[in-house]
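Colleague: Each chain, letter by letter, is given below.
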Amino acid sequence: GQSLEQPSEVTAVEGAIVQINCTYQTSGFYGLSWYQQHDGGAPTFLSYNALDGLEETGRFSSFLSRSDSYGYLLLQELQMKDSASYFCAAGGDSSYKLIFGSGTRLLVRP
Amino acid sequence: DAGITQSPRHKVTETGTPVTLRCHQTENHRYMYWYRQDPGHGLRLIHYSYGVKDTDKGEVSDGYSVSRSKTEDFLLTLESATSSQTSVYFCAISEGGTGGTEAFFGQGTRLTVV
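Those protein sequence lines, which keep their order, are chains A and B.
Numbering of the first sequence is given in my numbering, commencing with residue 1 and proceeding in unit increments.
Numbering of the second sequence is given in my numbering, commencing with residue 1001 and proceeding in unit increments.
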């Protein structure tokens, strides 16, 4: 089987830093992706990690540890517009599949 | 924005009727996916395609079938709609599968089965 586990909700204050974790179990692994989805909208791609380590894209960073089957998304200098759902995603038992976690709803408070 | 269009955007149908949702892309991407999204379940993969006439089942394929007769179109059919298939359906396309290339999503189809 294959699964990706994330916390269901996270709350943080504007300007703060928040980390959203993702642990995965897949029979094959082809890297970990992160997507953002605002209410009523479609998911949009944020980042991808194929190798261990940190990838930085502006205020967002993503980390992967293949040995721990674990990754996280780090959001810095939080803004109100960052309130959204965040999904980690990975290939399942083939490189053709793209399986998503159940998502983490981030609420940014003033 | 990636050229991906879902139709219809909204549909209400009766239990037991067949329903077909269409996903059309203008990007010539090889991979196409159908997901359903329900509260508390995130995005669940229904079926996916890795080329014309090449499709496979995802996590929740029971009650659904797909067809891809040309690169640009991926059709999802609910053979006999049930209330449990009320959901938001998203189509996605990707150039390189899961190998680091991003997936682009359509705007979704809200399906209600009454």
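The hints are simulated quantities; they were obtained by calculation from the structure and are not laboratory data.
By construction, the Cβ of each residue, glycine as well, lies at the ideal position given by its N, Cα and C atoms.
Incorrect hints may have been included.
[What the hints assert, rightly or not] Between beta-carbon pairs, the in silico distance windows are:
| hint | chain 1 | residue 1 | chain 2 | residue 2 | range |
| --- | --- | --- | --- | --- | --- |
| 1 | A | Glu77 | B | Gly1040 | 44 to 50 Å |
| 2 | A | Asp68 | B | Ser1069 | 40 to 46 Å |
| 3 | A | Gln19 | B | Thr1086 | 32 to 38 Å |
| 4 | B | His1041 | A | Asp52 | 45 to 51 Å |
| 5 | B | Arg1009 | A | Leu51 | 28 to 34 Å |
| 6 | B | Pro1008 | A | Asp52 | 41 to 47 Å |
| 7 | B | Pro1039 | A | Ala16 | 25 to 31 Å |
| 8 | A | Glu9 | B | Thr1086 | 45 to 51 Å |
| 9 | A | Gln19 | B | Lys1057 | 46 to 52 Å |
| 10 | B | Glu1027 | A | Gln25 | 41 to 47 Å |
| 11 | A | Gly58 | B | His1041 | 39 to 45 Å |
| 12 | B | Leu1075 | A | Asp39 | 40 to 46 Å |
| 13 | B | Val1052 | A | Gly15 | 45 to 51 Å |
Colleague: For every hint, state whether the structure bears it out.
Modeller: Here's how the hints hold up against the structure:
1. Glu77(A) - Gly1040(B): 44 to 50 Å: 30 Å, violated
2. Asp68(A) - Ser1069(B): 40 to 46 Å: Check passed, 43 Å falls within 40 to 46 Å.
3. Gln19(A) - Thr1086(B): 32 to 38 Å: 34 Å, holds
4. His1041(B) - Asp52(A): 45 to 51 Å: 30 Å, violated
5. Arg1009(B) - Leu51(A): 28 to 34 Å: Because 39 Å falls outside the window, the suggested range is violated.
6. Pro1008(B) - Asp52(A): 41 to 47 Å: Holds, since proline 1008(B) and aspartate 52(A) (Cβ atoms, about 44 Å apart) stay within the stated range.
7. Pro1039(B) - Ala16(A): 25 to 31 Å: 27 Å, holds
8. Glu9(A) - Thr1086(B): 45 to 51 Å: 24 Å, violated
9. Gln19(A) - Lys1057(B): 46 to 52 Å: 34 Å, violated
10. Glu1027(B) - Gln25(A): 41 to 47 Å: Since glutamate 1027(B) and glutamine 25(A) have Cβ atoms about 31 Å apart, the given range 41 to 47 Å is violated.
11. Gly58(A) - His1041(B): 39 to 45 Å: Distance hint for glycine 58(A), histidine 1041(B) is violated at roughly 30 Å.
12. Leu1075(B) - Asp39(A): 40 to 46 Å: Between leucine 1075(B) and aspartate 39(A), where Cβ atoms are some 28 Å apart, the hint is violated.
13. Val1052(B) - Gly15(A): 45 to 51 Å: At roughly 50 Å between Cβ atoms, glycine 15(A) and valine 1052(B) fall inside 45 to 51 Å, so the hint holds.
The structure fails hints 1, 4, 5, 8, 9, 10, 11 and 12 (numbered hints given earlier, in ascending order).
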